[in-house]
Amino acid sequence: MHNLTIAELIRGLRSKEFSSVELTQHFLTRIAELDPSYNAVITVTADQALKAAAAADQRLAAGNAPALCGIPILHKDIFCTNGVRTSCGSKMLDNFVPPYNATVVENFEQAGAVVLGKTNMDEFAMGSSNETSFYGPVKNPWATDCVPGGSSGGSAAAVAARLAPGATATDTGGSIRQPAALCGITGLKPTYGRVSRWGMIAFASSLDQGGPMARTAEDCAIMLNCMASFDDKDSTCIERDVPDYSATIGNSIKGLRIGVPSEYFSEGLNPGTEQAVRAALAELEVQGAELVDISLPNTGLSVPAYYVIAPAEASANLSRFDGVKYGYRCEDPTDLQDLYTRTRAEGFGEEVQRRILIGTYCLSAGYYDAYYGKAQQVRQLIQQDFAKAFEKVDVIMGPTCPSPAFKFGSKGDDPVAMYLEDIYTIATNLAGLPGMSLPCGMVDDKPVGLQIIGNYFDEARMLNVAHEYQQATDWHRAAPEGLL
Amino acid sequence: MSIERHEIEKLATLARIAIDDSTINEVSERLGSVLELVDQLQAADTSGVDPMSHPMQATQRLREDEVKELNQREALQATAPDTEDGLFLVPKVIE
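For the protein sequence lines, the chains are D and F, in the order given. Just so we're aligned, residue 1 is where the first sequence starts under my numbering, counting upward by one. Just so we're aligned, residue 1 is where the second sequence starts under my numbering, counting upward by one.
If you're looking for bench data, these hints aren't it; they were derived computationally from the structure. Don't take every hint at face value.
With the Cβ distance kept under 8 Å, some of the chain F side facing chain D (calculated, not the full set) [said to hold, decoys possible]:
no.	residue
1	Ile17
2	Arg30
3	Gly32
4	Val49
5	Met56
6	Ala75
Cβ coordinates follow ideal geometry from the N, Cα and C atoms, glycine included.
With the rest of the complex left out, here is chain D (with noise of 0.2 Å):
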């Protein structure tokens, strides 16, 4: 039953091939048995999981089921969940269990999907290797001894693993696209303002989104269709209707024009990655698409303008955690002073630590301007490139990251050196626009991942493209070893 995708399940539990109860049972046993080896899922929520489903199973029987009527998912621990603990891979939040539910994880219920529990990640979603998560590092499937990416590494270990079909994510730089792309599997960041914010603890709030991950770009479509919403709570949301994502996704691509951004094609790309995404933009030509040479010239300034913007926006977001509403508290504070101070420090780990001082920094009196602002009128000028290069293009495509995972601790003390992971990844959350990543190869026996950047709520044609050359090609249903 695991290797089946969500579109197969959904089948399979409506034509009474297995109930969902069995479904969910075999989910949390493949959870208890392989996951000390991946360390993808902080909690699970077993008796709930069972629960939900025996109530799906009832309404499947009775023929009034909602779309994900009974499948099982898994939430990364960044979207609250009304009574189970939601640590956002912090000491900070270890102990925090909040009243209410996110509204992906509200629309996922209302939906029908049965929690199996939430995934592991990067501190506050800040990382691509989930090093800096409080509960240990997640392992890739492909090669335990490498890194699954991140921030959002448990989501895509666990959906690579085989541990759930489907699993909700967020991206702030890269932290859906790049895991997916490290554990060979199938990620989309929407359109900022796609997906509700409310619920889903904040990093950078001008540039996070949740997404889906699974295994194909169905299922992602599949997943999107129910995560996607108009929601007054977020006052970032665009108020837009969702399209059917599954409606489209069979359509024909003849004569698609994908740019390629010669700056995504330069140094520092691993030799083995560029040829797996060449063979890639190679097999859609085959299948009637368009290639066109573009630029996007200030693809550079990117990170060090991310490192500005989303720092910044961190500082003021996690100010919130003082020791007194919620989460963590340091043992015996002398004085007010002491309880923030000592709180914060004890609380949250070194990169967390680190970029809150770098968001101090670049907004304190004096700097404010030169960073602050300057990155900003930065961001202006790489989205003006993606306008500028999608009056030519339908979609742009390239590597979702330079290279394959790499192995826990070979980016050294240096952060720049994990920084520049997300050099491709970065400027579409700048910009606000959607990407995905998909496997179109492996190098080293480690899998490559696709980007696609698409336009404005343009979420639709990603999918369909990325689902036709899943009809043509088969690294999707590629495994790690033992785990078919």
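Fit chain F to the given chain D structure using the hints.
Below, chain F alone, put in the same frame as chain D:
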């Protein structure tokens, strides 16, 4: 690029994060490395470019000022480290 010790101390105060004296040099070095990266921005020609704050130039939605949510003080305070009679408790602030 390195940041002076007094600057790190000021940042730590502003960010309300206690930094152990023994790690200040290390913190300074790593922050310096990140600031070196972001200083690449200074080379960009941004004259006449408006700063971007929202990708779709969305404006703040307004709504009628009406009560939609009921008070959930008890549920929300259940997650707090220390409360009494509906109040959050902190160490003594006024002598």
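### Given hint Gly32/F near chain D, where the shortest CB pair must fall under 8 Å
With Cβ-Cβ at 10 Å, over 8 Å, it is violated.
#### Entry: Cut-off 8 Å, beta-carbon criterion: hint that Val49/F touches chain D
Because about 4 Å separates Val49/F from the closest Cβ in chain D, which is inside the 8 Å limit, the hint holds.
### Query
Is the shortest C-beta separation between Arg30/F and chain D less than 8 Å?
6 Å, holds
### Query
Does the interface hint hold: is Met56/F within less than 8 Å of chain D, judged Cβ to Cβ?
7 Å, holds
### Message
Given a cut of 8 Å on the nearest C-beta pair, is the interface hint for Ile17/F held or broken against chain D?
### Response
At about 5 Å, which falls below the 8 Å cut-off, the nearest Cβ of chain D leaves the hint on Ile17/F intact, so it holds.
### Task
Identify whether the interface hint at Ala75/F stands, where standing means a beta carbon of chain D within less than 8 Å of its own.
Check passed: Cβ of Ala75/F comes within 4 Å of chain D, closer than 8 Å.
Comparing the model with each earlier hint shows a violation of hint 3 alone; every other hint is respected.
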